[in-house]
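Asker: Protein chains in written order, with my numbering: chain A, 1 to 89; chain B, 1 to 213; chain C, 1 to 967.
Just so you know, these hints were derived from the structure itself, not from any lab.
Predicted, not measured: the structure shown is a model, and the values here were computed from it.
Do not rely on the hints blindly, as some may be mistaken.
[Stated by the list, open to error] Computed far set for chain B versus chain A, every beta-carbon distance over 10 Å:
hint, residue
1, ALA21
2, ARG36
3, GLU106
4, ALA208
[What the hints assert, rightly or not] To give an idea of the chain A side of the interface with chain B (calculated C-beta under 8 Å), a few residues:
hint, residue
5, CYS9
6, CYS63
7, ARG64
[Said to hold, decoys possible] Pulled a few chain A residues facing chain B out of the computed Cβ check, cut under 10 Å:
hint, residue
8, MET1
9, PRO7
10, TRP8
11, GLY10
12, ASP11
13, ASP13
14, VAL15
15, HIS59
16, THR60
17, ALA61
18, ARG65
Every residue, glycine too, gets a C-beta built ideally from N, C-alpha and C.
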Amino acid sequence: MLLIRCPWCGDRDEVEFRYGGQADVDYPADPERLDDTAWGNYLFVRANPLGTLTERWVHTAGCRRWFSVVRDTATNEMSPDIPSRRESR
Amino acid sequence: MTVLHRVESESGVADTATVTAERHSPLEHRVAEFERSAVHGPRGVRLAEEPFLTQLDLRMPPSGTALRAVSEELGLPVPAANRVSGDERQGLLWLGPDEWLLVAEEGRAGELLGVVRSAQQGEAGSAVDVSANRTTLRLSGPMAREVLEKVCSVDLHPRAFSTGHCAQTLLGRAVAVLWQVGREPEYRVLVRCSFANYLADLLLDAMAEFLPG
Amino acid sequence: MTSSPNPHRLNASVRSGRIDRARAIDCTVDGRRVRGHPGDTLASALLACGITEVGPSIHRGRARGVFTADCTEPNALVQRLDGCPEPMLPATELEIYEGLEVRTLSGVGWLSGQRDTAGYDKKFVRSDVVVVGAGPAGLAASLVAARGGARVMLIDQHRELGGTLPDGQAHVSGHPATEWVGRAARELAENENVRILTRSVALGCYDHNYLLVAERRAEHLPVWRSSGPRQRLWHVRAGQVVLATGAHERPLVFADNDRPGVMLASAVRSYVNRYAVLPGREGVVFTTSDSAYATALDLLSCGARVPAIVDTRAEPPARLVEQVRAAGAQVYPGSVVTAATGEPGVTGVRIAGLDGNGSLTGTPVEVGCDLLAVSGGWNPAVQLFAQSGGTVRWDPVVAGFVPDSPGGRSARVVGAARGTYDLAGCLAQGFAAGAEAATVAGFRVAPPAVPQVDGDRPVGRPRPVWAVPDESRPRRECTEHFVDLQRDATVADVHAATETGMRSVQHVKRYTTVSTGVEQGKSSGVNTIGVLAETLAASSPGEVGTTTFRPPYTPVPLALFAGRTRGPLYDPVRTTPMHTRHEQAGAVFEDVGQWKRARYYPKNGEDMETAVLRECAAARTGVALQDVSTLGRIEVVGSDAPVFLDRVYTNKFSNLPVGKARYGVMCGADGMVLDDGVSLRLAEDRYLMSTTTGGAAKVLDWLEEWLQTEWPKLDVYCTSVTEQWAAVAVVGPDSRTVVGRLAPELDVSAEGFGFMRFAETVLRNGVPARVARVSFSGELAFEVNVARWYGQALWDAAMEAGRDLGITPYGTETMHVLRAEKGFVIVGQDTDGTVTPLDLGMNWAVSRSKDFIGKRSLSRPEMLRADRKHLVGLLPVDGHSLLPEGAHLVDQRAPRRPPVPMLGHVTSSYRSAALGRTFALGLVSGGRERVGEVLRAPVGGTDIEVEVTTPVFYDEEGVRRDGAAQG
Ligand SMILES: [Zn+2]
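Next up, chain A with everything else stripped away, as it sits in the complex:
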């Protein structure tokens, strides 16, 4: 049971969250202009490193906010992602 730090609610058990996969996979601005390969990459291709991965979680049983963290996939050590582009509302 991982302990995940929701940036809003604080430290909570993993069961309160849902995993959202690799972070920073942006929805393409104009999907129609992407060829099939580029669109296929957006849909299906994700990083799967042994080591650090920036990934998304959503605090489903709490504040329902999405956020991203950096996790070492080998050790599960987690640290907050420094948002470079995400605007908070």
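Please build the complex by placing chains B and C with the ligand on the supplied structure of chain A, with the hints as guidance.
Answerer: The following block gives chains B and C with the ligand in isolation, referenced to the frame of chain A:
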């Protein structure tokens, strides 16, 4: 004749004076059971339902003027994260960075919805009556924290959680809003109506240890 | 004159022991009465009674005796028969109580068929510093951390604190160590920030400092005295973890090393000092290191004889040798016990010399004894450390696997668990680790000075011997040299494994079953690794490595993991406010997710088929009523709500007028159908979206995901209002009459209240309501919504308003038939995550003029293939056969030998009252081009012929939804 498309939707906010139908809370049939399960004294703990509390779900940008206006109109400061401002009669619970739950005594949804919406006027945000969405369980007594610790993984130690704190979390397998309202300790647990019986069963089971004999 | 019930109990003047001699406890073992005292384990009580033999071994039926005094016990395993029957309990850990009744086992217990009514509790707590093990190191760490103000949790397996100190004779600051333990225990108990869990096993240590701890709360009490839960599982989240888990003594491997009377040297000390029991009157000690000399001294000080101390080392420390010689023991340096003699119990040993190469020398001598105390060295208890991600290495100096320093993630390992066996060292490490852990957790504190101690202090290097050579036989024939007593596995077995070509310890473990018993390798593991290293000519056991350490540390009942999550609390049962009405009407319920929904309402003993035909007929010809309160509801509010819904639905919602409703389909980015439902436009900036019963939470998450992560600038807020509302569907030609009576202020005429309109009104009973003209059956239908707490009143009012019209409650089964007759899909039944709206023939709901989530995917080449599976209607040719849902569909000409090419499958299948026949929906490859074709559904050895049709079976023109049939 009803106007087919009213812009302001106030449906569900009943003017109880003219209602002839009976209103039912999810746990009203369990009052006697709750009384039988109550334990008094230094290892006491009690469970009860507080039905029909007024609840409004408020969403607003945390930095906007609407939030300030709503807070002023209600006379309640904007609570910090995981905190409640006000008291049991009228409290504003932090649910998230742009979400709050206004909890007040029974029957005030229409009035408070009006206050909030007029204060929000022209700004982004929403106010939705969710009074019937959840019911409220009240767990109190010196062993109340011990009982909650059996079903909830949030740190409830007084160093981390005390009067005026709230948390949306899991109790067993049900999502609930936990609000400590008193030092004894005393908690309000706001839970969706369809989960109320499950949660009551779960808490009664957790309380059984303290029943004498 | 009666003989003493405890002939092996030492006089209190010799050893007081940690027992209460004033009280006696009687228990029953294999039908025999065994008397002990409070403080005894079953094993110590047996030994006090002079019973050394327990159940014979699992495969070979060899006599076995109590071997240890701890959780590594391989022999003395018992089945509890009283109270809550439980198998495979080590007698060495089982505290006796009045009425305890057990049977000794031969390595296999049995599960009771009796229902386990005991309570299994859970508790979730956080702690700044968690210390596992309350020996000297753990106590020291706890004391310091607590003094710093940290929330401390101290966990220990045993009834008492102190670890092995009560087993020994050490002194702290000039007083017996047990006094220091007592003071420490009091100081901790008086600190309100300290929680001490005794009789508690840390089962596992997981990522992010998560520990599971099994606490035995009532097991040492007779059933009649216990109240509250039997066991409690603590879910502990620690800021910092200190592991002071101690070490386990290793057995020694030689011929007939399994005889009753052979016992770990540390266990002998424990029985003598802690339990005041003398396990033998003539004890030979066979050791590879210093620690067993204390065993010899203990035996001697109790009046026992020690005819031989056999030490593998050629030059044991002179101080120890002098000490034991002075006390009357003879030391055999550079020697081994080659065999235990006697049967079934030990009556002597054969001793031979061992040269520097590990070969026997000289002529063996025989020495008589009734106890053989063995010490093959010590294994630091690194299980929790390794589970939490730490790696271990072989340390030749301590001859054991130790934490690879600094090692681990965040756990600090102290004392014997890291190979430190002297008391002063344990205290120093404990103090330092406790101070460090508390300081890191935010409670600054400095370690105190280590008090003056006088205790065991190993000085000589151990000389481990993994398997004593047999006097005559080669290894492959060493079938009485046991490496795992519980599994009856021998040196010959390990040898056989290597003969088959196995090299990995993991393989050898599984081949020989070594370490697969309840001790999980704690006693057998390292010896096996050592034997394997020698067989493979590896440089050290470190080269072979260990097997993986996995939780739980000791066996645990599965019931404890379940806790209160069983029976009715296994999963929440969600019910609507009308639930009691459905029960009163005799409804049969079905589970839809966690919801209990009425499936059908049998009357006068009807079966489902009859009831459903009746309910369907009512809906198509009269009026019927369904509770639809389980549908998900989300209020979508904000100036950008129209734009937002345009993006999440495949069809347009920005052009939906206020006061009107529209059906919408949602897709994932991959273009597959995610959910569907009707949304109402309440105001310019306000929609009420409905979702499927099962999809409510998923859809809200989905909306929030896009709002928060992709379109944070949109002014849109979503609020779940699923349970704010209760709703009924009033369906059928007479529904207009019923709703008119229900809501007298509402104009329900066809002209005044068109299809897909909604209105707000007040019902006759004064309850405000929202009424919508939506239909999931093709019939004239209304959905009436009220605040949740009026749900039952709404149901009653609708039943009353339709009584003279024969209003009929209907369940989900009828709803399914009605919608399937119209070809309306159910997401999750007719779709499975691989189906697009185009596959469903819903081109009409797919906008060409705007982008929406998943749109781009619909033009991927894969989505344009002609052989994609389409939703089609399926009519069994004979009109009576009911296709099973999930049945495969194959071409008539397809060969009947596997592999048979599959064309598709049946997704929904029913009997229809309206059609007077059976019908189905299905997904069929290129289905729309196959309309008119006859396919086969192989079912239970026969084929059902089915004709492919369009998916709409009933009222294709759609005239009934306005109640046209009513005229
Ligand atoms: Zn949160």
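Asker: Look at each hint and say if it fits the structure.
Answerer: Hint check results:
1. ALA21: holds (34 Å)
2. ARG36: holds (31 Å)
3. GLU106: Given a closest Cβ separation of 27 Å, the condition holds.
4. ALA208: Nearest chain A Cβ is 24 Å from ALA208 (chain B), so the label holds.
5. CYS9: holds (6 Å)
6. CYS63: Constraint on CYS63 (chain A) satisfied, holds at 3 Å.
7. ARG64: This hint holds: ARG64 (chain A) lies near chain B, its Cβ roughly 6 Å from the closest one there, short of 8 Å.
8. MET1: holds (8 Å)
9. PRO7: OK, holds: PRO7 (chain A) within 10 Å of chain B, min 9 Å.
10. TRP8: With Cβ-Cβ at 5 Å, under 10 Å, it holds.
11. GLY10: Result: holds, 7 Å to nearest chain B Cβ.
12. ASP11: Where the cut-off is 10 Å and the nearest Cβ of chain B is about 8 Å from ASP11 (chain A), the hint holds.
13. ASP13: holds (5 Å)
14. VAL15: holds (6 Å)
15. HIS59: Constraint on HIS59 (chain A) satisfied, holds at 8 Å.
16. THR60: holds (8 Å)
17. ALA61: Holds, because the Cβ-Cβ distance from ALA61 (chain A) to chain B comes to roughly 5 Å (cut-off 10 Å).
18. ARG65: Given a least distance of 6 Å, the restraint on ARG65 (chain A) holds.
The structure shown violates none of the earlier numbered hints.
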